[in-house]
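Each chain is listed here by its residues.
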Amino acid sequence: MRFNHVTCPHCGLLCDDLSIEVNGASLKLASKAYPNCLKAFEDASFTTKRLPSPKVAGKKASLDAAIKKAAKLLAASSQPLISGLITDIQGCREAVLLAEKSKAVIDHANGKGMQANLAVMQRYGKVKTTLSEVRNRSDLVIIFGSQIFNRFPRLSDRVLFPKTSLGNEGTINKQIIVIDSSQAAKGSIPKRKGITYCPLEADSLDDIIHEFLQVVNLDSKRSNGNNLTNKLLEIKSTILQKQYTTIVWNTGLFNSASAEQTTQSLTFAMKSLMEDVRCVGLPLGGSKAEITANQVSTWSMGVPLPVAFMGGIPEHDPVIYNGENMLQNGEADTLVWLSTYSPDDLPPKTDARTIVIGHPKMKVPSSVDVFIPVGIPGVDHSGLACRTDSVATLPLQKIRDINLPASSKVLKQIADLV
Amino acid sequence: MAIKITGGIVYDPTHQIDGKKLDLYIVNDRILHQLPADEKVKQTYNLKNHIVMAGAIDIHTHIGGGKVNIARTMMLDDQIEYPQPGDDHRHTGCGHAVPSTFTAGYRYAEMGYTACFEPAVLPVNARQAHMEMADTPMVDKGGYVLLGNDDFLLSLMHESASQSTINDYVAWVLHASQCIGIKVVNAGGIHAFKYNQRRLDIDEQSPAGVTPRDIITTLSRAVHELGVPHPLHVHASNLGIAGNFKSTLATMAAAESLPIHLTHIQFHSYGNEGDYNFSSAACEIAEAINTTPNVTADVGQIMFGQTITTSGDTMMQYFGHEHAHPKKWTVMDIECEAGCGVIPFRYRNKSFVNALQWAIGLEIFLQVDDPWRVFLTTDHPNGAPFTTYPHLIKLLMNRSFRNDAFSIIHSDAQKMSNLASMEREYSLYEIAIMTRAAPAKILGLSDHGHLGEGASANITIYKKQDDVEQMFAKPSYVFKNGELVVKDGSIIKTVRGVTHTVKPDFDIEIEKPLKRYFDDYQTISLPNFKISADEMIECIGSEVVTHPCRI
Numbered sequence: 001m002r003f004n005h006v007t008c009p010h011c012g013l014l015c016d017d018l019s020i021e022v023n024g025a026s027l028k029l030a031s032k033a034y035p036n037c038l039k040a041f042e043d044a045s046f047t048t049k050r051l052p053s054p055k056v057a058g059k060k061a062s063l064d065a066a067i068k069k070a071a072k073l074l075a076a077s078s079q080p081l082i083s084g085l086i087t088d089i090q091g092c093r094e095a096v097l098l099a100e101k102s103k104a105v106i107d108h109a110n111g112k113g114m115q116a117n118l119a120v121m122q123r124y125g126k127v128k129t130t131l132s133e134v135r136n137r138s139d140l141v142i143i144f145g146s147q148i149f150n151r152f153p154r155l156s157d158r159v160l161f162p163k164t165s166l167g168n169e170g171t172i173n174k175q176i177i178v179i180d181s182s183q184a185a186k187g188s189i190p191k192r193k194g195i196t197y198c199p200l201e202a203d204s205l206d207d208i209i210h211e212f213l214q215v216v217n218l219d220s221k222r223s224n225g226n227n228l229t230n231k232l233l234e235i236k237s238t239i240l241q242k243q244y245t246t247i248v249w250n251t252g253l254f255n256s257a258s259a260e261q262t263t264q265s266l267t268f269a270m271k272s273l274m275e276d277v278r279c280v281g282l283p284l285g286g287s288k289a290e291i292t293a294n295q296v297s298t299w300s301m302g303v304p305l306p307v308a309f310m311g312g313i314p315e316h317d318p319v320i321y322n323g324e325n326m327l328q329n330g331e332a333d334t335l336v337w338l339s340t341y342s343p344d345d346l347p348p349k350t351d352a353r354t355i356v357i358g359h360p361k362m363k364v365p366s367s368v369d370v371f372i373p374v375g376i377p378g379v380d381h382s383g384l385a386c387r388t389d390s391v392a393t394l395p396l397q398k399i400r401d402i403n404l405p406a407s408s409k410v411l412k413q414i415a416d417l418v
Numbered sequence: 419m420a421i422k423i424t425g426g427i428v429y430d431p432t433h434q435i436d437g438k439k440l441d442l443y444i445v446n447d448r449i450l451h452q453l454p455a456d457e458k459v460k461q462t463y464n465l466k467n468h469i470v471m472a473g474a475i476d477i478h479t480h481i482g483g484g485k486v487n488i489a490r491t492m493m494l495d496d497q498i499e500y501p502q503p504g505d506d507h508r509h510t511g512c513g514h515a516v517p518s519t520f521t522a523g524y525r526y527a528e529m530g531y532t533a534c535f536e537p538a539v540l541p542v543n544a545r546q547a548h549m550e551m552a553d554t555p556m557v558d559k560g561g562y563v564l565l566g567n568d569d570f571l572l573s574l575m576h577e578s579a580s581q582s583t584i585n586d587y588v589a590w591v592l593h594a595s596q597c598i599g600i601k602v603v604n605a606g607g608i609h610a611f612k613y614n615q616r617r618l619d620i621d622e623q624s625p626a627g628v629t630p631r632d633i634i635t636t637l638s639r640a641v642h643e644l645g646v647p648h649p650l651h652v653h654a655s656n657l658g659i660a661g662n663f664k665s666t667l668a669t670m671a672a673a674e675s676l677p678i679h680l681t682h683i684q685f686h687s688y689g690n691e692g693d694y695n696f697s698s699a700a701c702e703i704a705e706a707i708n709t710t711p712n713v714t715a716d717v718g719q720i721m722f723g724q725t726i727t728t729s730g731d732t733m734m735q736y737f738g739h740e741h742a743h744p745k746k747w748t749v750m751d752i753e754c755e756a757g758c759g760v761i762p763f764r765y766r767n768k769s770f771v772n773a774l775q776w777a778i779g780l781e782i783f784l785q786v787d788d789p790w791r792v793f794l795t796t797d798h799p800n801g802a803p804f805t806t807y808p809h810l811i812k813l814l815m816n817r818s819f820r821n822d823a824f825s826i827i828h829s830d831a832q833k834m835s836n837l838a839s840m841e842r843e844y845s846l847y848e849i850a851i852m853t854r855a856a857p858a859k860i861l862g863l864s865d866h867g868h869l870g871e872g873a874s875a876n877i878t879i880y881k882k883q884d885d886v887e888q889m890f891a892k893p894s895y896v897f898k899n900g901e902l903v904v905k906d907g908s909i910i911k912t913v914r915g916v917t918h919t920v921k922p923d924f925d926i927e928i929e930k931p932l933k934r935y936f937d938d939y940q941t942i943s944l945p946n947f948k949i950s951a952d953e954m955i956e957c958i959g960s961e962v963v964t965h966p967c968r969i
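Those sequence lines, one after another, are chains A and B. Counting from 1, position 126 in the first sequence corresponds to residue 126 in the numbering used here; the numbering is continuous, with no gaps. Heads up: take any position in the second sequence, counting from 1, add 418, and you land on the numbering used here.
Bound-form chain B, shown alone (with noise of 0.2 Å):
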């Protein structure tokens, strides 16, 4: 039996739809556009005055694993402020920084996400992080593993070893952690810092032997040879310091004309200009990526209000500490692998530092000219929770309402920022590219984020409102998978959502240098580091789907 919508106004960017009447039907867990010979519609859906679009896909949010849990211990005040009940659909939860992982996936499906992404695994926790996902309702799920500050490729680079021996280490991550992505974050940076480095440059040598540009630049070239579609997905060195926008154009250089994609780059667009020593360069990272089409970059906008920042990099966390509010704050070494350090934020717009970083984040978006290399994060929860795209949306396609909301922020931050002279509102087919086409695109998910033929039924409705803060807030109708989820932004049933993952080939003799690496230096053994398909279902709790590499 068919659902069939119809009258709505749909928004299908891959397919170069743009706002047009189209009716799309759905059987099973997939979409098409004519009804079978075979089949009968059992439920229509009229949709006059509503947008139709994919469901949405977050490429970079915290939502899973030990840091995350960390943050929630960190935040109870504001998990006690808010309680999430639970009814027969739901369990309970609580937390809007960092909630429980239930809540978590009802407050992004409630907005018409239907798949998230979880941006740092380290391989030694990815079981905690897929749990934590597995629990997680509603979205299906991926993480990117975390590479580049573990003591094994360091090694491997420092003895000059092949890239196709790298090649073979990283695809056996990927396996061994089910994950869909490679990430780096500041590269050697954290592995410099168990070393009492406070500091490390992207060209300077670190304790290992190498330098984060020779890090970037090896697993940019390992994550194309493998054909993994993700590119190398990095936090660039030294965020949130004064003139890390030289580091970060550096960074884009580092990929060698190979694909990378800069995380949150808000955080690294900082010049060292004016009164305060501290200066947007938002122009100069806009113009870096308008010129460099090999270049991707999600924002990591920030919102005013408290958060909690989570971040693999020790470093910048460590020495970002005193800024915490409130004051307290944890920082950890893990496993030769990697760290985390977890830090309270509050934003605020009388502070010139994070008026400015607001402007910066909404000049980055405005100022990168195609909208499918720039995607709508707010790095969650670092620069503010996920909950808060809605609004984001609004800065983005009603100038005077941003303008208004420039108008109130510290007056010295104003001066320093050309916010208010952008005339660019983003239209709804450019955000049903970035919250849609684009991060399928760039994940590698063929039949996600768009309403093609024989596409998984994603599908998120909206009635058309002039206030887009309210549309996008709270959709009509989310569909997960051909089942109707949520109506008028409420969930209706409940669904548990898969873990995307990619498997390049390599060559299993890497086993051999690794397994003498876990038996030397480790405390877990090889063969139980290594997750399997068949632990991801019976013990961890969620059904794998692998997707292709390029050949």
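Chain A on its own, in the form it takes in the complex (with noise of 0.2 Å):
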């Protein structure tokens, strides 16, 4: 059977144009194939008619048990942290009240990289664009990072190179320049008309980014014989000149010590440049659903990820509950991974007691006490995941029946026995 409209939840552009035909537990991609997801429905099928079973202790058991189990190591724990989160919304919906229960630490797979655009938007707020208002109203983009292109395979042709537009013809053939520090590795940039690549001689895009941010407040800034200040007056006076300017970024891509300053530079650029013309960010991310986590507990915890509820309260502090580094400093003795949109997406290693809600291709380590695999939001159950715009808020599509429980039921199962 063939549905189409298929959302693909594989990256941040959530692009809702796949047909995928489903036969039995098989699935093959029926639309064009991009890598990430061709892999990713790749995994989703099955050609055996043998679905993993969840585990205690690296052996068999029931759903049942699996779930006791989960409980009782939750309630066993003098302090409990709930990661990954690379799931739907309603998943994160369950494991944000699963954590409120056992006054647990969540926070997502990818913490710290959330932590920029984060941090920027609390201290400073943002000017911001989405996907179809860049392809029907940007005539300028500009591209910090070429390796966007390997991570976003799809930006090009569902919003950099539209065959219509509301627009004028400016919006059709968009300028597109794409900067790279001179020592980066190229990314894969189409070779269409209007794409620009610029190299630049710094050490870094955080570099570049910076003296932006210096070119575009001081008018006094004129060009004196550097060939990274020159190139970066000539791209403001492209800004200055054309309708609506987009600035895309990755914060992935960046120095992760300076990722917030950069991000930080970025805002504070295109604040400036507003008071004259349009000029918006859109930040790409969410390819782990960091988005959708983030959603989730903002808006019912009222704060970002990380939360802590120790204290009977939502906590926020991205240092000191920051997953990753309270597994590594031995602060959680109970880790619960929620991992359902990829086989790949494994726990880290811990020497805490470990419960793996996952991907039912996962193989998780040995050392895993309970394994229980779920289905994948968009293909075993209907579902909802937010898009790196933050505002759209795409439906995924139940597609294929066979059995397996969607990571939202078996996370409430676990509370309730809590």
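In short, the hints are calculated from the structure, not lab data. Computed from a predicted structure; not experimentally measured. Just so you know, even glycine gets a beta-carbon here, dropped at the ideal spot from N, CA and C. Among these hints, one or two may not hold up.
[As the list claims (entries may be wrong)] Sample of chain B residues facing chain A (criterion: CB under 10 Å; computed from the structure):
| no. | residue |
| --- | --- |
| 1 | M492 |
| 2 | D505 |
| 3 | T519 |
| 4 | T521 |
| 5 | V542 |
| 6 | M549 |
| 7 | P744 |
| 8 | D751 |
| 9 | E956 |
Hints are included, so try docking the two chains, each in its own frame, into the full complex.
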């Protein structure tokens, strides 16, 4: 059976124009193949009728027994950590409530990576836009980091090169400037008219962006023989001539130690430019459901991830409650790892007791105490996911029925027993 | 088994009951006036010295959607300062200006509210708005979906599409977004801002080739012809600008005698006279409402203190960003539909402009004669958090309290306001109108907002007190759908509430041009854009109740 308009939750763009052929437990991508989505649906496909069974201490167990054991481990834990959160909204909703019930800390697998955009939003606010707005309104797109094309391969056909547009000719044939540090590996930039590749002499994208802010802010910043400054002055001049400039970045391409400052510089630059022209940001991310998890935490508990519930109230502190650090420092004795989109998103190595609520093809390490294979959102059960722009929420269709439980139901059953 | 409520003084303006002792029975989730022969009373509430009203309804409160989450993110200090511990009944949470969803539901119920309506649902963000509302317990919810800056409508209008085509689109959006009303924010202005236009007056042609007046006229006619009970809900042009009362009056006229609701009208009632070039035009606005029966308004009262403003009006939010406190702001263009701007504000009684804004809101309340046509709102959280409602009610009901408060605001603002001379004090009956009967009526919720036979058993009971602020802050009992959920101002049981919608008839042929529009321009497909009733229950988590449209 063929399903159309299937949403692919395997990168933050959430493209929803996929067609999938479903034959029993087997899935085949029937629309144009892009590497990320192709792998994800291949990973989701079963050729055998034997489905994975829950396991307790490495041995097959019933779902009920696995749920009871997970609840028992959580109840006995002095400091649980719920992490991963690579799943749909329903799974995240129940994970937050389980964290509250078990007085756990909850954080996303990519907790550190999420903080740059979040911290800048908290401190300064942002100027942002969304995918369709860029597609129809932008006549200039500046992309910081050519690797963005590898990470978001469909940005090109979905946003950058529309065949039709609500705007003028310039919004169809956008000017696209891709900026890299000259020391960075060049990404898969499409060979299309309108794209200019600009490797600039700097140690990092971060350095380029800090200089960009200087160029934007200082009227006195004149051409000075420095190639970097001159090129950025040229780009600033182009921005001032265009109708609607979008600046695209992915904080994963910044130096992790300074990603927050770099995002801040970009934000300040855009806010300065906004005094005269429209210049907006499109941070790309969310490929491991970071946006989804964070939206749920923010609305239901009032604060973004990570959140600690030990004090009976939600406490947000991205340093103290970073999940990765807690595990490394031995500050959590029980880990619940929620990861339902890919068999590759395994729990981190840890001495903590580990409960994995995971993708049905996940091969968990033998040290895992409880493994509960669950359905894949958008394959085995319906669900919802938040797109990279934090605005569009897409439905995930149920396209297969092989009797795998949804993670949300498993989490709720565990919470009821804790 | 029935619950009997006896001895209380009942205020039920829908049935012209103004402070009369009346026995009520609750059977299942309904109110009855006589005990059916086959029912027995299992519990009796003897309510001597108590006041009985229907559950309150907030017709304009920003409680769900992406902009609220942005506000929560930007208000971390406020979230930390106001924690909500959990207990057997309640989830934990936090926040005062923009509380977390569970906390917002508890706060509303603790004040006797049983329904709240989110006034700015972006179609593309409707799922998230509904999920946030689904996670707001205790109260029923509903949303007004944003139109009037969306490229599809603006293109239809520019191409002189027929009114019936536009009506079909409006109805389709109501279905697709599971909403109960249509909202316009700065008609055409959010769209114009995307073209770097920083102001758009009511008769100015926008980059889309239409005027705000055209948009208001067209959409108010669509809403009327579709029989949608709630009039077009309009955030007028030029919010916050001195002298904007003229465009507000022009916006009223744009409805061409069809029903129109002007929201947070306080922010649109400014003159430009005096030493500060900022003055009250409350008198002109109130007079216009009094003499124009098709117009209703909610006030959007400001209260002094820290809050955050969340609005679809990117154009005017950007204009106001220099007044942010603390100094941070977010502006976002959204999906060829609309936008949002989020800016924290601290209203100060020693600021001339803030003080006069406060006085202007109260002047409007006190000068609009008909309480059925003026609604009690703070445009939560934009004017103030909704938890200030009991204080606002006291300002309306107690002249000496009001004048004491007036006497300490900025002295120049006092000179520019005639508030102190206004003798009117709202009665309990009038408060019941503006917070219960009138909201239910204007939303088409026939079995809400009153205590008549067969009504939903949403009942709030207050112990009579001289201090009405305390009285309205902490009801003795709140029943939601017949269940006792609040006792002495505290939650004793949590319930979910439903989502109220309307589903006007339309010609499905409208999906042909819509499909082309989605295929050619959008980054979501048309089938995935639409939210079904099944999805509302299975994924979003709220049951849908559909109310009839006028035929």
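Cross-check of the supplied hints:
{"no.": "1", "hint": "M492", "verdict": "holds (6 Å)"}
{"no.": "2", "hint": "D505", "verdict": "holds (9 Å)"}
{"no.": "3", "hint": "T519", "verdict": "holds (5 Å)"}
{"no.": "4", "hint": "T521", "verdict": "holds (7 Å)"}
{"no.": "5", "hint": "V542", "verdict": "holds (5 Å)"}
{"no.": "6", "hint": "M549", "verdict": "holds (7 Å)"}
{"no.": "7", "hint": "P744", "verdict": "holds (9 Å)"}
{"no.": "8", "hint": "D751", "verdict": "holds (5 Å)"}
{"no.": "9", "hint": "E956", "verdict": "holds (6 Å)"}
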